[in-house]
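Asks: The residues making up each chain are set out below.
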Amino acid sequence: MTDLLAIGTRKGLWLARSDDARRTWTLEGPHLLAQEVAAVSIDTRRPAPRLLAGVQYGHWGPTVTWSDDLGSSWHETDSGAIRFPEDAGAALGRVWQLQPDIAGRPDVVWAGCEPQSLWRSTDGGCSFTLVRGLWDHPHRPDWAPGAGGGAVHTVLPDPDTDRVTVAMSTGGVYVSDDGATGWAPRNRGISAVFMPEPAPEYGQCVHKVAVDAGDPHRMYAQNHFGVFRTDDGGGSWTSIAEGLPADFGFPVAASTSTPGTAWVVPLVADMQRVPPDGRLRVHRTRDAGRSWNEVGAGLPDGAWTAVLRDAFCTDDHDPAGLYVGTRDGCVYASADEGDTFTLVARHLPDVLVVRAARLP
Amino acid sequence: MSVQVVLPGVLADLAGGDRHLDLDPEGGTLAAVLDEVAVRYPVLARRIRDEAGAVRRFVNVYVDGEDVRWQGGPATPVPDGAVVQVLPSVAGG
Numbered sequence: 001m002t003d004l005l006a007i008g009t010r011k012g013l014w015l016a017r018s019d020d021a022r023r024t025w026t027l028e029g030p031h032l033l034a035q036e037v038a039a040v041s042i043d044t045r046r047p048a049p050r051l052l053a054g055v056q057y058g059h060w061g062p063t064v065t066w067s068d069d070l071g072s073s074w075h076e077t078d079s080g081a082i083r084f085p086e087d088a089g090a091a092l093g094r095v096w097q098l099q100p101d102i103a104g105r106p107d108v109v110w111a112g113c114e115p116q117s118l119w120r121s122t123d124g125g126c127s128f129t130l131v132r133g134l135w136d137h138p139h140r141p142d143w144a145p146g147a148g149g150g151a152v153h154t155v156l157p158d159p160d161t162d163r164v165t166v167a168m169s170t171g172g173v174y175v176s177d178d179g180a181t182g183w184a185p186r187n188r189g190i191s192a193v194f195m196p197e198p199a200p201e202y203g204q205c206v207h208k209v210a211v212d213a214g215d216p217h218r219m220y221a222q223n224h225f226g227v228f229r230t231d232d233g234g235g236s237w238t239s240i241a242e243g244l245p246a247d248f249g250f251p252v253a254a255s256t257s258t259p260g261t262a263w264v265v266p267l268v269a270d271m272q273r274v275p276p277d278g279r280l281r282v283h284r285t286r287d288a289g290r291s292w293n294e295v296g297a298g299l300p301d302g303a304w305t306a307v308l309r310d311a312f313c314t315d316d317h318d319p320a321g322l323y324v325g326t327r328d329g330c331v332y333a334s335a336d337e338g339d340t341f342t343l344v345a346r347h348l349p350d351v352l353v354v355r356a357a358r359l360p
Numbered sequence: 001m002s003v004q005v006v007l008p009g010v011l012a013d014l015a016g017g018d019r020h021l022d023l024d025p026e027g028g029t030l031a032a033v034l035d036e037v038a039v040r041y042p043v044l045a046r047r048i049r050d051e052a053g054a055v056r057r058f059v060n061v062y063v064d065g066e067d068v069r070w071q072g073g074p075a076t077p078v079p080d081g082a083v084v085q086v087l088p089s090v091a092g093g
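The listed protein sequences derive, respectively, from chains A and B.
Taking our numbering, the leading residue of the first sequence gets 1, the next gets one more, and so forth.
Taking our numbering, the leading residue of the second sequence gets 1, the next gets one more, and so forth.
Excised from the complex, chain B in its bound form (with noise of 0.2 Å):
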């Protein structure tokens, strides 16, 4: 299956610089696409989730345009196609 992440662009450089990764993923869950990015790019995967496998806590994820917080979390179903943005959220001072 085919998988487009998106990342902010504070990120892009952990993956030498592109916004959009296309991606092959061992599975049709969100867990399985970050693990493949973890593969890719290692450092970037980090900023997304801490070493438990929980996205931290200001990451926000969407699939096709659905918060994951509120699909399933880690198990959220990635269908063939799907675009999985990552966006800090709003926070801090």
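So that you can see chain A by itself, here it is in the shape it has in the complex (with noise of 0.2 Å):
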């Protein structure tokens, strides 16, 4: 068996492999060189592992583009798998994220996109539809662009119900009961400093949501400021921050095999962006956020690197695996639930995407 780490960049994909559970990895690449890759996904769920990839050329734009043999070819469609309709008024700013939805839907892939935007695709990712009741929204107006852009960059569907649960900077948690038609907002309890109203219920600027193994009412939220947790999908949320060095971050991450077991990647807030002290760590918590551990022996010190949201993701594995990319271009790999860290690439461009899948 071979477990493979995809890592999107500013400039191109690398792929590494690895054949002896995850202890050493050998890097290839770049495919899509000097294209920025801010998302991909691995879907396991097809007769041949697809790599999904939303590339950004300099020049010539956004596009999502697939490779069924491992990144030795990629397609795109003559039109685009995303193009927004005439009447919407909007052109594709960036793929933000590529998210294969559960194993029952194996040709249903969704992205989230700038402007914020949602995409529901039936034929595995090779083309989508604007989800329109989240367009539509009356709410989308207000919705503003943080530093990075305004986008939809977190898609989790539930994988018992219809729900759909999604995220997007700026904007908040958005949560749709019925497949996505219709769409409220989910953000009691999630502060916006930055806002003049204390409790607003839509504007936050979420970086990141992560569903726990347990129980799929219960999210993870790294926000711009404070981390936070729900038991009811969204219903309220309360801090779990008490315990880490730092309450800001962009990355959130939860295994898929243990519940209450979490990852974040703290920075310092607001201005600095750095690692505290220029200690790259993760911090993990067993109980769902009530404490927190440094862990991440092997994470460099004298790093004055950022961890962007979607560079940092786990495995299927039990114990899960963790992957960390920074902005620097180093990509760091654990077996052990991030206790200790190996050199899986480094000198790379800016990493904007890892993604880790087990492959047949």
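If we take Cβ atoms under 8 Å as the criterion, some of the chain A residues that face chain B in the derived model are:
hint	residue
1	Gly58
2	His59
3	Trp60
4	Gly61
5	Glu76
6	Asp78
7	Gly80
8	Arg83
9	Phe84
10	Gly89
11	Ala91
Over the 12 Å line for every Cβ pair with chain A, so calculated as not near, a few chain B residues:
hint	residue
12	Ser2
13	Val6
14	Leu23
15	Glu26
16	Thr29
17	Ala31
18	Ala32
19	Glu66
20	Asp67
21	Arg69
22	Gln71
23	Gly73
24	Ala75
25	Pro79
26	Gly81
27	Gln85
These are calculated hints, taken from the structure and not from any lab test.
All figures in this text were calculated on a predicted structure; none of them were measured in a lab.
Using N, Cα and C, we set each Cβ at its ideal position, and we do this for glycine too.
Could you fit the two chains together into a complex? Lean on the hints.
Replies: If you want it as structure tokens, here you go:
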């Protein structure tokens, strides 16, 4: 069995493979050289694993491309996989998220994009349809772009129902209970200190949301300020930042096998955005955020870099693997839930996204 | 009418390897020329314009040597026999 790690950067895609239970990694690439790869997925629900990449040419615009031979060849549709309808009066800015749906819907893939929009594919990611319920939402004129742009950056299909949860910068968390037709904000309890009202219904700058292994209604959110947990599908959120060295950061990840286990990568907010004291570390909770422990032996000191929201992921092993990509082009992998890391790559362009999967 | 579109080398693959396209657009504007490009080479056309019809920010288009930004954009007149040149701008890092 092979473990595959896809590494999307500002100037291309690299693939790393491990054939010895994630102890050593072999790096291969670049693919899609000179293209910004801000979104990647490894879709293992198909007979052959499909790599999907959201790419952005510096001059020639964004698109989605796919490979069914692990990067040897790439394809795109003539008209473009993601294309705003004429009456939308918008053009695709960047693909931020490519999220395969549940195993029982093997042809369904979701895309979160800039400007803030959600898209659904029923052909494995070759072409997408705009989710009008979110695009036409009356709140949309109030959603603002964060420093990185206004985008739906998190898409979480529920494993058991037609519920879909999205998060966007900036706008916050929205939930649909009818398969993405109707949408409602779910931000109660998440702070928005950059807005005049202390507890607005929406407008929060949620950076990333992850779902707990034991309960799809339990989720963790890394906010622009604050780390939060909900136990009721976003109905209300409570702070779980106590014990962290900083409550700012971009990613949050949760174990796919162990309930209550999640990780964040704290950065000093708000104008600095570097690891506390230059020590790049992961912080792990085993009790759904009631307490945190610093882990990450093998991660560097003297590291004045940052880990972006999708440059952090887990795999589905037990114990879970953890993967960290930095803006200074390093990638680290852990096979023991973050206790220890080894270097997979260095001197790459800025790492924007990492995704890991077991290949059959 | 007859128009020639000149492409940069990095886009030639999307036009079957040709850097010089001889087109017969149904209209005398840049939009009509690019519409004809889209019919023949849809992926190439998406590299030049977005789906709202705007020429991409870092793509420069010249009609007989004049930058279309200052000539009317998509409505820039393209006379019979004109040369439409597509060039990537100096940008990036």
